[in-house]
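Using the sequences provided together with the hints, build the complete structure.
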Amino acid sequence: MILKDLKKYSKYFTEYTELRVQENRNIRISMVNGDIMGNSRTAIGGVSARVYKEGAWGFASNPELDEETIKQVIESATKNALFIDSREKMNKPELPNKKGSSENDFTTSIQKKSQKEMIEFMKKIDDYIKGKFKKLASRTIVVSCLDMEKSLLTSDGSISYSMIPRTIGYVTMTVEKDKQPYELYEVYGGFGQFEDNFENAEDLFPKLNEQYKHLINKSEGIYAEAGIHDCILDADLAGILAHEAIGHTTEADIVKGGSVAGDFLNQKVANELITLVDFANHFEGKLCPVPLFIDDEGTLAEDAIIIEDGVLKKYMNTKEYANHFQMDLTGNARAYSFSDEPLVRMRNTAILPGKSKLEDMIASIENGYYLMQSSNGQADSTSEFMFGVVKGYEIKNGKLGKAIKDTTISGIAFDMLKTVTMVSDDMVWSCGGFCGKKQMLPVGMGGPAIKCKVNIGGK
Amino acid sequence: MKNIEIIQYAQDVLLKAGAEKVQCSLRKSEKHELNVAAGEINLFRTTFNTNLSLTGILKNKKGSITINTLDKKSIDEAAKQVIELAESSKPDEANDISEKQPAKDFSSGPKKPDIDKMYSNLKEFMEYSKEAYPNTILEGINYDFTFSDSILVNSNEVKFGSNKGLYTVVVMFTTKEGKKISSFNYVVYLSKDLEKSIKDCGSIDRLLKQSSEQLETFSIPEKFVGNVIITPDCMDDIIGGVTGFLGDYPLITGVSVYKDKLDKKIADSKLTLHSKPLSEVLASNYYVTYDGFEAGNSTIINKGVLKTFLLGLYGSRKTGLPKAVNQGGCYIIDSGDTSYDEIIKSTEKGILLCRFSGGNPSDNGDFSGVAKNSYYIENGKIKYPISETMINGNLVEMIKNIVQISSERVNSGYHIYPWIKFDGLTVSGK
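Chains A and B, in that order, give the protein sequences. Per the working numbering, residue 1 is the first one in the first sequence, and the count goes up by one each step. Per the working numbering, residue 460 is the first one in the second sequence, and the count goes up by one each step.
Hint data in this document are derived by calculation from the structure and do not stem from the laboratory. Predicted model only: the values in this text are computed from it and were never measured. Note that CB positions come from ideal geometry on N, CA and C, so glycine has one too. Keep in mind that the hints are not guaranteed to be accurate.
[Said to hold, decoys possible] In silico lysine-lysine, BS3-like type, Cα no more than 27 Å apart, as pairs:
{"id": "1", "chain 1": "A", "residue 1": "LYS418", "chain 2": "B", "residue 2": "LYS889"}
{"id": "2", "chain 1": "B", "residue 1": "LYS582", "chain 2": "A", "residue 2": "LYS396"}
{"id": "3", "chain 1": "B", "residue 1": "LYS582", "chain 2": "A", "residue 2": "LYS79"}
{"id": "4", "chain 1": "B", "residue 1": "LYS480", "chain 2": "A", "residue 2": "LYS116"}
{"id": "5", "chain 1": "A", "residue 1": "LYS112", "chain 2": "B", "residue 2": "LYS889"}
{"id": "6", "chain 1": "A", "residue 1": "LYS453", "chain 2": "B", "residue 2": "LYS582"}
{"id": "7", "chain 1": "B", "residue 1": "LYS639", "chain 2": "A", "residue 2": "LYS79"}
[Stated by the list, open to error] Negatives, chain A to chain B, calculated, CB over 10 Å:
{"id": "8", "residue": "THR275"}
{"id": "9", "residue": "PHE283"}
{"id": "10", "residue": "GLU359"}
{"id": "11", "residue": "PHE387"}
{"id": "12", "residue": "ASN397"}
{"id": "13", "residue": "ASP406"}
{"id": "14", "residue": "MET440"}
Take a look at the structure:
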């Protein structure tokens with residue numbers, strides 16, 4: 001366990017200061033065609049301090065955790081803040097706060113498995129895939145575990161300790177058809193440690209059967225027809241839409257940097273079927289994929305309702321940007337590593353479910369696509385987005401037709417959301433989301449299926 | 460303990476714990492970073508980092524641990540865990556460490572930053588940008604100096620030391636006037652000194668100017684199959700995709716489209732691509748590979764012919780194919796014989812692709828994505844900036860269809876690329 005009680009170091013604070021001790025522990029095992037290609041553990045930790053002086057920030061970090069180093073880190077961060085303040089003289093006001101105290105340790109209560117047992121688990125999966133799916137050209141299984149353990153003390157009185165784990169299993173299958181390789185990967189697992197997510201290998205077998213079926217369909221599939229089509233974005237794509245295309249444009253630092261959302265506050269930006277929320281820690285009484293209780297500035301984290309019934313209501317913020325936009329604090333300050341400063345980051349971003357049934361949504365489309373799984377996504381300050389699509393089917397006369405090969409969809413999110421006509425009544429969180437805004441950070445994304453018009457790449 | 464003592468201690472502990480082969484590397488780094496947010500210099504960071512990686516092989520089974528605490532107790536515990544990991548693994552004869560090579564020390568760049576000069580460079584650049592492009596918002600700038608001191612040893616008596624000082628500037632910007640807004644764009648530039656003004660580094664000024672012109676964008680008139688001119692600023696999307704087929708994973712799994720193409724023609728004969736980690740004109744140069752070899756320069760594609768894969772030691776032993784002399788990166792494309800102006804003039808209809816927002820290419824090379832900060836070309840002239848335009852193609856086919864390569868090139872500090880006109884890409888609008 002990391003250094004938990006940081007109170008004794010407050011004697012070194014001279015300005016507004018955040019002091020954080022953190023360790024990130026990773027396990028990564030990769031098995032390629034039955035061989036162990038990677039088998040590693042990483043533990044990277046240390047201390048950081050961030051200091052604020054009238055609009056100027058200083059930050060410093062060091063991996064050593066003795067008292068003298070911690071004192072030096074606080075002094076170095078203070079000196080850095082004064083360096084900027086003496087030159088820029090911004091004279092900005094004091095930071096607001098919504099302080100709190102919390103302790104959340106999600107270490108598993110189940111007996112821990114050794115790395116050998118994890119490899120044996122992967123071997124069972126690999127044996128099943130190898131024995132069952134004879135047409136495969138290659139198979140890869142990766143297990144990646146991340147435990148993020150943090151202690152925080154702020155000069156305005158917040159204290160927190162947390163241990164937030166996430167475990168992801170990636171299974172990639174490849175087939176060759178007409179001398180061309182086709183690949184499909186699936187992500188399994190989510191919040192919790194290995195033991196919480198992967199009890200019996202057999203539990204994954206039905207999902208692997210589904211994955212293989214979709215891969216074979218894809219290898220025999222068609223190219224999508226380029227242009228704008230009626231589409232159903234399944235939960236995975238609705239989640240990445242919520243995060244990339246809307247979420248980022250409504251982060252307060254991006255808004256201040258010129259995002260189009262700066263002109264849309266309290267205006268209609270989507271069909272009234274759309275409500276979009278960045279959840280702090282719970283959705284309908286259950287823990288979200290990446291729960292956050294107190295953020296890395298010591299703010300009590302609360303749900304941020306960004307779009308309510310189609311109207312843009314709020315930007316996600318940190319203390320600095322809550323001041324700038326004169327908004328309530330949302331608790332969106334997050335940092336990945338001990339050596340990273342907190343930025344405005346999303347937590348668990350999702351479009352809320354509607355009332356339609358997925359089968360009715362498919363039946364309502366004469367000629368279009370059902371897009372089920374994304375690979376990567378990017379968005380712009382204009383809200384123009386692009387998502388890779390690696391699993392999808394055409395819809396012909398209200399029924400699913402042939403699978404489509406890998407493609408890309410794009411559009412202007414605030415225009416596209418106005419074309420939404422149906423939202424399904426279910427809600428699925430994707431389990432392996434990462435966001436790459438300066439620092440790679442686990443995020444939760446989720447949603448129902450939505451029916452909309454979108455530009456699809458193809459031949 | 461000194462760095463060499465730490466790493467030798469780690470190696471000894473691992474060998475005593477039962478490892479038959481050992482590789483240990485230690486990297487200590489110090490970073491000083493000035494940050495701009497929404498046009499204000501508002502953050503100064505000083506961070507120290509340490510990474511000690513221990514790898515042990517016994518009975519052909521491998522385990523690796525990375526920690527950043529360097530006391531003997533932490534190293535003892537890490538060595539014990541390496542042995543446990545290796546014992547938990549499966550034997551694989553491809554697991555190995557590099558063979559004995561002469562010990563060497565390498566050094567490049569300054570050891571200490573000039574913070575006052577960094578600050579004045581940044582102020583000068585912000586003032587220039589404000590005056591030249593008043594509607595362009597410098598959304599974010601990270602301007603840092605990083606000094607790293609690294610050492611790698613293994614039980615075959617390999618010992619390489621290297622230290623390196625490097626300045627990096629990353630500029631991200633958007634132009635906004637009233638409710639009109641451009642797409643954001645960004646540029647990265649690496650340097651070993653502070654001699655140049657920031658505006659004169661790589662593509663920075665050109666891309667700022669383009670951004671200032673991109674407040675009003677238009678759809679292309681019609682879908683077409685034809686010319687796309689890739690700029691140096693988004694060439695990495697193409698080169699990264701192609702070199703991605705040459706590494707360990709696609710060749711071990713056997714799905715690489717180039718698996719049987721060594722010494723065969725895979726691209727137009729106008730294309731020559733090098734990987735030059737020893738080049739002094741690239742600030743991102745390196746001297747030692749992650750698997751313990753002294754790095755060398757290579758030509759990956761020579762006049763269209765594939766001359767090397769990018770296999771590491773493990774990938775090479777696993778596939779039986781030759782190991783690369785480096786780990787890729789530091790890419791340089793030979794210049795062509797047509798000027799940039801001539802390339803534009805000779806284009807009847809096409810796209811000048813300045814940034815590409817695309818999905819990961821498929822295993823067969825298919826890709827698609829959105830043209831950002833880009834322009835429509837007609838009758839030899841750049842007509843207007845475009846929006847909501849998608850480009851679809853296949854990397855394998857694309858590099859066979861090179862029409863022209865420019866005589867001008869841009870050095871970003873981590874690659875040197877020209878402009879290249881490709882044919883046969885599908886361009887579709889709204």
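Next item on the list: Just pull the numbers of the violated hints for me, sorted ascending.
Entry: Violated hints (numbers, rising): 2, 5, 6, 7, 11, 13; every other hint is consistent with the structure.
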